[in-house]
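**Q** Spelled out, the chains give:
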Amino acid sequence: MIEINDACKSFGTLKALDHVSIKIPKGCIYGVIGENGAGKSTLIQALVGIYTLDEGSILIEGQPVYENNEVKRHLGYVADRNQFFKGYTVKQMMDFFDLAYPSFSVEKFEAYNKVFKLKKNAKVKNLSKGMQMRLAIMLNIAIGPRLLVLDEPTSGLDAIAKKQVLDLIISEVEESGMTVVISSHHLAELERICDEVTILNQGKVAYQSTVDDLKAKVKKLQVVFEEKAPEDLGKWPEIVNLDHVGSVYYIVTDQYSHSFEDKLRKNGARLIEPIGLNLEEVFIYTSTVERIEGERGKDERVKSFNKN
Amino acid sequence: MKELKALIKIELRSTLLMSIYFLVVNLCGLAACKIAMDKNYVNQLRYGIGWYIAQPNGEYIYPVLVGTYCFTLGGIILLVYFQFVKDKSLEVGRFLKALPYTNRQRGFVKIGMGILSYTLPFLILIGGMLLLHGSFVGQMQEIYNVFMNQEVIERIIHINELLKMFLLMYMTFIAVYLFLMLVQYVANNNLGSIIMSILTLIAPLFIVLSGSEIYSFFRRMHRLRNLIIEFLFVPGYPLTLEGGSFALDRQNQEQAHFIGYQEINHYGLKVVGLILFIGLCLIFIHLLIKHTKMEDSDKLFNHGLAKWIFIIGVTVCSGLLLADMGLLFILPLFMDEYFVMTQVLILIGALIGFVIAYKIGRIGSYKREEK
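Chains as they are written, first to last, in this note's numbering: chain R, 1 to 308; chain V, 1 to 371.
Keep in mind that the hints were calculated from the coordinates and are not lab data. By construction, the Cβ of each residue, glycine as well, lies at the ideal position given by its N, Cα and C atoms. Wrong hints could be hidden among the right ones.
Said to hold, decoys possible - Derived DSBU-like pairs (lysine-lysine); straight-line CA-CA distance at most 30 Å:
| # | chain 1 | residue 1 | chain 2 | residue 2 |
| --- | --- | --- | --- | --- |
| 1 | V | Lys9 | R | Lys125 |
| 2 | R | Lys120 | R | Lys162 |
| 3 | V | Lys270 | R | Lys91 |
Unchecked claim - Only part of the chain R face toward chain V is listed, based on derived beta-carbon distances under 8 Å:
| # | residue |
| --- | --- |
| 4 | Ile50 |
| 5 | Glu61 |
| 6 | Gln63 |
| 7 | Tyr77 |
| 8 | Leu99 |
| 9 | Arg265 |
Using the sequences and the hints, build the whole thing.
**A** Here it is as structure tokens:
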């Protein structure tokens, strides 16, 4: 179990993490989503003990991670950028991990390399970005970590390699029961593998739930009203986005339920047809509304709708 | 120890590289010493007492030691640079920080490997020098036996004197190395830290010398001034020697052969000073390592106190530097009495220095406020 309690981190006047609290169950694949600068990388680097928090705590199986070797020995970290000694070969990096992590398995690494096919005498600096990412993933999974943290693990990978990497992660979770925290911009991939997600926005937790719950809660509705749509429709707290083409209204809600449908019907909705959103669309709508509210206030968002 | 193998592996490359450098320097020193001794012995046989100089510590070994000492100090600066190249790279630094090692383990493995890199070649130098010294004294023993001041000569060339010099050199290496390491933990730029360390080591000496040029009352206090100068420049400890001479034979004053010799000044005080210096460096390194944060890596200074020490140091030194330049090149051309003008130059120099140092000291923290 990983507990991130009220985590705050600032860089000068910039608040990168603002009272972030997340609980990640053991054996879960957990996604962290957010725009650029939302605080994902800061959270991930605090989670692996690179950054220390200004306030709050991060506990992995009840122990703090910062400067704690015992916890770090069971923690794999795949960074978004090159994280090797440039002059080292693949073999030397493997030997280095073997020395640094007591649980590192050379046999496991060799087995993964049969899939990824990296030349062991190749220098790390001569590998492409995708190859370096594959190497980082193989090395960190071969540790047999209890927690694997991946920051943009599929960036730079081709479609086949992406599938191989994600399949490898899923099979390792099934086999060893390790917990995975993954941050990515490729939300389709997260949707495929994640059990739960947290959406970060300007350093704060915007949404937090299982992927299925989130998709069930955030829905796009196609609505046709008997006559005119209610004047104050845009001000309803359940609605995060509103658009209309002729008499057809497209309502995005983050509080979808039967009672919300009933509320629409009571206000003259003749036809209500839910359209499923994928994680990427959910993210776009939820982060957009947060930004609009943050910058202009909800009333202005409503006003701009009424003008339309 | 077993669990630190990976850290040792990280440091191994720079350690080996610099060990080879130190070994080459020391072997060259030994070779130079052997050549000088052989030449002296041949000259002694050929030309007699006129060529004799009875102080291998001073005339043969010492100049060679100064050479190896200076090259070793240069090597130590390079060593610290190489040791921190990886750590100061943001990406590799993050990778290192995520490894299952504490800052303290990483820092002290680095120090241990660094010290090892020049200790082993230095031990070879000591061994070689002792052998050469023994052989040379053996060759010259018959000559010493006929001198009236045999006991004095034997005391001067005694092996203890050589060992004392080696101990002082070695302690100075450690002191300088630890100081360079300390500044690496104070400031985040690798090359900048090294430049800062060198300037900081020179600064106290510069302040005293410059101050004594500007304020004549200080110049008049010879003994105190010399003592301060001798103790303020730590890398110069093995280099400041006191010379002396005595007559070799019974001839009258005009025809006597004199022998010059040199001894290390204030040996005991220097050793105590170095022990204190090393101890303080270790304490501060320990404290700084504990509080070094990866997130501060874009700031030049990790700690506010260090930033202000830097700013004050640059302010004082630039004030004195401008005054010195004025005294040397400008003021004598225009006036006879320039005390007041010197003070004005000190103020102008200090102001310029303050502005520059303040700007430099805010590197990194400035950027963050702008974000």
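**Q** May I ask you to test the interface hint for arginine 265(R) with respect to chain V, counting a Cβ-Cβ separation under 8 Å as satisfied?
**A** For arginine 265(R), the interface hint is violated, since the closest Cβ of chain V sits about 48 Å away, which is over 8 Å.
**Q** So if I understand the rule, the pair passes when the alpha-carbon distance is 30 Å or less; does lysine 120(R) with lysine 162(R) pass?
**A** Judged against 30 Å, a Cα distance of about 21 Å means the pair holds.
**Q** Hold the hint about tyrosine 77(R) up to the distance rule: shortest CB distance to chain V must be less than 8 Å.
**A** holds (5 Å)
**Q** So, as I understand it, the hint says glutamate 61(R) touches chain V; can you test that by seeing if any CB pair is closer than 8 Å?
**A** violated (15 Å)
**Q** Identify whether the interface hint at isoleucine 50(R) stands, where standing means a beta carbon of chain V within less than 8 Å of its own.
**A** With Cβ-Cβ at 5 Å, under 8 Å, it holds.
**Q** Given the proposed pairing of lysine 270(V) with lysine 91(R), does the C-alpha separation stay at or below 30 Å?
**A** Cα-Cα ~49 Å, so violated.
**Q** Between the alpha carbons of lysine 9(V) and lysine 125(R), is the straight-line distance 30 Å or under?
**A** holds (19 Å)
**Q** Once the shortest beta carbon distance from leucine 99(R) to chain V is found, is it less than 8 Å?
**A** holds (4 Å)
**Q** Do the numbers back the hint for glutamine 63(R), that is, is its least Cβ distance to chain V under 8 Å?
**A** violated (13 Å)
Violation of the numbered hints given earlier is confined to hints 3, 5, 6 and 9; the remaining hints are satisfied by the structure.
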